[in-house]
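Using the sequences plus the hints, can you model the full thing?
Chains as they are written, first to last, in our numbering: chain Y, 807 to 1209; chain Z, 807 to 1209.
Some clues are possibly wrong.
Label pairs and their calculated CB-CB ranges [unchecked claim]:
1) A846(Y) x D1179(Z): 48 to 56 Å
2) H1138(Z) x E1092(Y): 17 to 25 Å
3) G1091(Y) x A894(Z): 50 to 58 Å
4) V1133(Y) x N1163(Z): 49 to 57 Å
5) A894(Y) x K892(Z): 49 to 57 Å
Simulated from the structure, these hints should not be mistaken for laboratory data. Please read all numbers here as calculations on a predicted model, not as lab measurements. For every residue, glycine included, the Cβ atom is placed at its ideal position computed from N, Cα and C.
Protein chains: 2
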Amino acid sequence: MRILVLGGDGYLGWPQAMYLSARGHDVALIDNFSRRLWDAECGTDSLTPIASADARVRAWKEVTGRTVDLRVGDIADYEFLSQLFKDAPPDAVVHFGEQRCAPYSMISRHHAVLTQTNNVVGTLNVLYAMAEFAPGCHLVKLGTMGEYGTPNIDIEEGFIEIHHNGRIDLLPFPKQPGTFSHLSKVHDSHNIMFACRVWGLRSTDLNQGVVYGVTTDETALDPRLATRFDYDGIWGTVLNRFCVQAIAGHPLTVYGKGGQTRGFLDIRDTMQCVELAIQNPPKAGEYRVFNQVTEQFSVIELAQLVRTVGARKGMHVEIANPANPRVELESHYYNAKHTKLTALGLKPHLLSDVLLNSVVDTVKQYQHRLRPDTILPFVNWRTTRNPLGYHDIKPGGSPAPKA
Amino acid sequence: MRILVLGGDGYLGWPQAMYLSARGHDVALIDNFSRRLWDAECGTDSLTPIASADARVRAWKEVTGRTVDLRVGDIADYEFLSQLFKDAPPDAVVHFGEQRCAPYSMISRHHAVLTQTNNVVGTLNVLYAMAEFAPGCHLVKLGTMGEYGTPNIDIEEGFIEIHHNGRIDLLPFPKQPGTFSHLSKVHDSHNIMFACRVWGLRSTDLNQGVVYGVTTDETALDPRLATRFDYDGIWGTVLNRFCVQAIAGHPLTVYGKGGQTRGFLDIRDTMQCVELAIQNPPKAGEYRVFNQVTEQFSVIELAQLVRTVGARKGMHVEIANPANPRVELESHYYNAKHTKLTALGLKPHLLSDVLLNSVVDTVKQYQHRLRPDTILPFVNWRTTRNPLGYHDIKPGGSPAPKA
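Here it is in C-alpha cells:
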C-alpha cells in the first residue's frame, strides 16, 4: 500500500514509518519539523540523540535497503498537502501530524491558539485532500484517550447507547477534555465524523493512551534510527519522566494525590495497532473509534513500580507530591473499554519489569545528556501566561502552582 | 452594566445592542464588518436597506439620546480585543461575533477553514481576555441548536444524565452537528466549558434555534435603525426565504421531503433571552447551556403556513421539492427541551398569522430590492468546491445536487 505518515519525524511517527516500510509498504514521511522547533523554543531536548530526518531516511536505506520517501512541508499548507495526494494517491494516511502536548498547549494564549489552529486546519486539509483526490483512502488518525476526560461511567469506544425517557440512540461518547491540546483532538473527531458522513470517507480514530518505551525492532537496528525520548516537564510522558528522575536521583513527581488513572501502552503496541487498523479498514462512509490502550494505572502505582525496579538495582527512589499544576480529579472512577483492537488480533506487551529495566538502561546510557533543570513541571493550567522555557525556572524548584 | 456586543453590526447583534442600550446599559458595539464583506463576496444583500454601523449609531443617538460605543476591529486580533477589556472591563460580553452561516461554511475548503479558525480563535481570545482582564465577567455566547443534530432521544439543555452499566453521570449532551459552521460552535462549546473549569469563568451558552422576523421595538423607531433581512440561498433562514418566495411568485423550496424539524424563535425573543441570561448570571466557574427556542416546526409545516397566509392575501403559493443540497435526515424524531429560559421569565412570541403578515408586508415594501437569482440554494454539502456566488448559477435553476 501507499501510506503517508504525517508527523513522520516524531516520537511515534518515525518508528511507525520504519515499521510500515519494513513490512513492504510504500511509505512517504511528511513532516515540517515543528517538534524540533518547539524543543528549541522550550529549551528541552530528547534524552536519546536523534538524527536528522534526512540522515534517518538514508540510514534506513543503508541498513535495510528500503526507501522511505521524505517530503518536508506543512499539512496546514493545502498547496503542499494536495500535491502529495495528486502525485501518488495514498491508500492510507497515518496522521501523527499534530501538536500533541498538553502542557505546551497551556503555556499561553499563543500556544493554545497555535495548537488548535495547527491541529484543526491540518486535519481539515487532510479531509479535503482525501475527498478531492483519494476518496477511497483510509484516514488513521491519532487521537487521545484524554478526549474522554474521567467520567463516572465506563468509557466506551467512541459511541455509547443512551437510554433516555423511553427512547434509545447510539451517540458519540460525551467528551470532557482537560487541555487545549486534548480539546483540539475532540474538535478533529467531530470534523472527521462529519466528513465521513457527507463525503463517504472512511476513518479510524485511535484514542491512544499514554505511550511509554523507546525501543522497537526497527529503532534497535542502528543508533541513527533511534526515536526521541522526552522526559521533561513539558513534553515528557509520566513513566518516561519517572525513569529519568530515578536515575538522576530526583524524587518522582506525583502531582497531588496521584490517584489520576489513565490508559497506557507500550510503543511497540502503537506500531501494531496502527498496522491492524490499516489492514482492516472501515467501509466507505464509516467513522469508527478504537481505544488504543492495553492497561490502566494510577500515577502513584507507576511511581511505586519504578521505585521497586530501582531498589532492585540498588537505587533509593523517593516520591514527592508537589501541588498539581494541572486541573484534574486526583481520585476518580476510571474504566476504559478496549476490546476492538484485541478483536483484530492485538497481542499486547504488558508493562513489566523487563520493559522498565530496558528503559532504565537507556536512560543510564544517555544520562550525560540529561538537562536536570527541565525535569520539573513548569506549566500551570490555572495561569494564562506561564514563563516559557527552562530559562525562567528559579533554581531549587518549579514555579509554585496557585491552589 | 458595561456590555460588549461582539458582532454588533449583524442581523441580531444590532437590534440586541439597541435593546440593551434602551434599557440603560453602557453598550459597546464591536464588529469588523465581515458580514458585509461576505455579502459582497457572494453577490447577496439584505432585502431591507441597512445603514452603515456609523450611521446606525448616530441615528440611535439622535432618536433616543443614548450612546452606543462603536469599536471597529477583529476579535481574532488579541491586541485589539484585549485593549477593549483593559479600557473598560465589561460586566458581560454578548458574543454574536462569528461566521454563523451553514451554507457559507460548506462552499469550499477555504470557507470551512475560515469559518472554523475565525470562530474558534475569536472565542479563545474572548476567554483569554476575560481570564486576564475581567475574570468576573459573564460570557453570553450565541451557539446553535444545530450543535445537537437530530438524535433519536429527547434533546436536553446541554447536559444529560446517563445511566450506564450500573453507574450514573451527568455529562455533556452528545453533539452531531451537520456543517462546518455548526461544528465550529461545538468546538467553542467544549473550549468554553473547559475555560470555566480551569479559570473559574462564568458563561451561558445559548443554543439558539432558527430566528425569524425583522422588527423589534427599536428597529421600528427609524428606518436607519432597521436590521438586515436575509432570504437568499446562502444566508437566508427558512421562514424568511419562504415569505420572499411567496411574494416573488416563486415556489417555496422545501428540500426533499420537508420533514426536517427544528426549533424556532421570534427575533424579539432573542432580545429577551439574552437579557434574561445577563440578568441572571451563572456563578463563578459555571458553564450552563440554555436551549433558546420557543416552538418547533418541520419545514413542510412552515411552507404550508406561508401558503395559508398567502392565500388569505390573494396569492397563489406553490411548494416545490428540489433535491436536498444538504446531508440531513428528512424525517426523524425531534424533541428539544427548552424550560430554563421560561423558568427565568421568558414570555415567548409564538409564530402566528400576525407575525407572518408583518414579515410579508416588509417583504412587499422592499420587493424592488429583491435579487431573484440569489434565492435558490447554491451550496451542495456533497461537493467540496461549490461555485461561489450567484454569478455562477445557470439561468433557470439551481445546480442539481448529486443524489
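A quick look at each hint next to the structure:
{"no.": "1", "hint": "A846(Y) x D1179(Z): 48 to 56 Å", "result": "holds, 55 Å"}
{"no.": "2", "hint": "H1138(Z) x E1092(Y): 17 to 25 Å", "result": "holds, 21 Å"}
{"no.": "3", "hint": "G1091(Y) x A894(Z): 50 to 58 Å", "result": "holds, 51 Å"}
{"no.": "4", "hint": "V1133(Y) x N1163(Z): 49 to 57 Å", "result": "holds, 53 Å"}
{"no.": "5", "hint": "A894(Y) x K892(Z): 49 to 57 Å", "result": "holds, 52 Å"}
The structure meets every hint from the earlier list without exception.
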